[in-house]
Structure formats: C-alpha cells, structure tokens
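The whole structure should be built from the sequences, with the hints applied where relevant.
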Amino acid sequence: MSEVLEEQALATLLEMVGDDPAFVDELVDAYLADVPVQEAALRDAAARASAVDLVRPAHTLKGASLNLGGTQAAEIAREIEQRARTGSVVGAEELIASLEEANSALEVALRDARERRWRPA
Amino acid sequence: MAPGMTDARGSASKAPAPGAASDPATQGGRILVVDDAAINRLTLQRALASRGHHVEAVVDGVEAMDALRARTFDLVLLDIEMPRKDGFETLAEIKADERLRQVPVIVISSLDDTSSVARCIEMGALDHLPKPFEPAVLHARLGAALAAKRLRDLELEYLEQVARVTHAAEALEGDAFDPAALETVAARPDALGVLARTFTRMATEVRAREEALRRQVRELTIEIDEARQAQRVAEVTDTDYFRSLRGRAAELRRAVHGSETAQPDAAGAEPPEHP
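Chains as they are written, first to last, in this note's numbering: chain A, 325 to 445; chain B, 34 to 308.
By construction, these hints were calculated from the structure, which means they are not laboratory data.
Possibly wrong hints are sitting among the right ones.
If we take Cβ atoms under 10 Å as the criterion, some of the chain A residues that face chain B in the derived model are [stated by the list, open to error]: (1) Thr336; (2) Leu337; (3) Met340; (4) Val341; (5) Gly342; (6) Phe347; (7) Val352; (8) Asp358; (9) His383; (10) Lys386; (11) Leu390; (12) Leu392; (13) Glu405; (14) Gln406; (15) Arg407; (16) Thr410.
From the three backbone atoms N, C-alpha and C, an ideal C-beta is built for every residue, glycine too.
Below you can see the structure in the form of structure tokens.
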C-alpha cells in the first residue's frame, strides 16, 4: 500500500506556488471542503449502480489527492474510476469505504503537515 | 480585465484588447487554464503568474470557447475530464475554428491516462502536462510552446507584411498607391523595412514627376490652343474676300460720314433739295 501522504509532493506544490505556505493552506482547505461532496456523489452513484456517475467524482478525487501527495487515496480513486469506465460497479461500495478511510487519514496527515508549514518532517 | 485574470503578483492585470499581439518571450504569455478542479486551476494560476504570464482560468470547455472567442491567448492548458464540454470536444472545436486553430494546446492529464493523451495529440494538441504538476516540466513545456508560438506569430506577421508590399505594387500600377499603407512595414529594421521605405520613396518621386509632367502638358495644351486660334484668325483676315469686305466697309463709313456732314443741323429731317 502506498503512503497516506507523500510529503515530497507537498514540497513540490509549495515550490509551484512560489514558496507561499498560506496559499497551500487555501488549496488544502478547498480540497478538504470538496472531499465530502465528492464522497457523497460516489455513494449516491454506487447506490444507484450507475457506473457513469462514478467516473467524475472518482476522477476529481484522484487528481486533487495526487496534487496534494495523497497517493493512497488517489490509487483507490483511480481503481474506482477505471472500473467505472468499463461499466462495472462491482466492489464499488467496498472501494468507496476504503477511499473514505484513506481520505480521513490524509486529512489528519495534512493537518500535521500544516503545523510544519508544509515542510517535510 | 478578463475574468479570473491574474498577473505575476497574483493580482488583477490589465488585459490588452482582443486580437492584440503579446510577446511571450519578453512579457510573458497570455495563458488560458481550463480545468474543473479548483486546486489545479489555483495552482496553475499561481505558478504561471509567478513566472510573469497573464493567466485566465475557466472551469470547462464551454467557458473556454467563450474566452477564446472573446480574447487573444498564446496558449491553452486543457484538462480532459470536465463537465458540460470535455477536453476532446473543446480541442476539436478549437481545431475547427480558423482563427483559433493556431493557438497551441497542451492537455493536462494523469500519468495513467496515456490513451487520452495520444488521442489529443492526434487531434492536434501540441503536448501534454502530467498531473501531479512538476514545476520544471511545467515551465519547460510552456516555455517551448510559447517560443514556438512567438516564432510562428513572427512568420505570419512577416508574410502579411510581404503581402502588403505586393499589394502596394499592384496599387501603384493602378495609380491608387497610398504611402500610409506601407508605414508599418517601413518601420521594420530589417531588409523588408528597407524595401518598403525604398519603394515608398521611389513611388512618391515617380508620382511627383508624373504630376509635374501633367502640369507641363496642360500648359503646352493652352499655348497650342492659343496659337491655333491666332492662326485661324490670320487665315480668315488674309483672304481677298476679307480685304474686299474691309474695302466696302471703308466706303460705307465714308459714305455715311459724307451724308452726316451735308446735314449738320437737320438730324431726322428731310434733306433739302439740291438744285
């Protein structure tokens, strides 16, 4: 299993935005606010067994998690997206539960990293 | 200012008028970021603005086409997976538009999305930018794309100005040359500028000479007309008929004069009978 938070990704992100920790704060806050929205969309699509409607929230969470170093969450989201693109909803509920756990772990890790102003431990 | 436009400080920047050329090499390029993920938009806006680029960010292909048709951009960073109008549809629409098809498009993609990237390249995308973003890769790809765009813009400008000189030559033949038409070309510091300046100067000199010749011709025409009139008068007055007319006129004047002296104080009265 990959890392909950790949701290090098945060360092890269910090470099991308001109070494501005306050701006990374904003990005992470935007991400954390969006996670429950996307998780709810996944739950709803899975309940309706709609593979088509699983694709977009899974894709969104995959991209956002990757940019913040959440490789574990990104991998699970990718798995959901790839299966959904083939029209399959098999195992979607379980994968969504795993993704929610990974997102929770990532949130904790991000709060720790924020304390360090996004510098590696 | 265009909506969502930021400059190097991440603050509002003054946008040039639609169609105005920018110089990506020296002033930063005008870049349109198209991505439905807020984190990606914000990250790219900040990263690009910090390098001196002017960035506008929109959330999908519908907004992207609106922005592209309303304003001028040097480059588009285009996400593939988006609501309403995705990257494929947007790219196809850009390439189908005669005015937009030359704007370079770099697609934003996940590393695992190689088939989508390949499809976009086949559709005319210049390159792809993998997520998560790497600053060195981002700026290298953008720099190369903007330099290529700048070179192409210069080539197009050169060809357009060569066409202006050609049209000026045609206009000169049709006597409709306007020196103002070549002012921009003549301001160039290169050989084409020398050609335009020389052409304008020579055309102006030729026009001045032609005008002087026309004036001379008009003056000569007047002189010739006057000489012809004098000749006609001389031809008429130098005939026997005219001389006989003059003789008769003189006789008549004498006769009239004689009659007047014979009746000095009886004007209008019956002449006295002579014995």
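Hint-by-hint comparison with the structure:
| no. | hint | result |
| --- | --- | --- |
| 1 | Thr336 | holds, 6 Å |
| 2 | Leu337 | holds, 7 Å |
| 3 | Met340 | holds, 5 Å |
| 4 | Val341 | holds, 4 Å |
| 5 | Gly342 | holds, 4 Å |
| 6 | Phe347 | holds, 6 Å |
| 7 | Val352 | holds, 9 Å |
| 8 | Asp358 | holds, 7 Å |
| 9 | His383 | holds, 5 Å |
| 10 | Lys386 | holds, 7 Å |
| 11 | Leu390 | holds, 5 Å |
| 12 | Leu392 | holds, 7 Å |
| 13 | Glu405 | holds, 9 Å |
| 14 | Gln406 | holds, 8 Å |
| 15 | Arg407 | violated, 13 Å |
| 16 | Thr410 | violated, 13 Å |
Against the hints set out earlier in the document, violations occur for numbers 15, 16.
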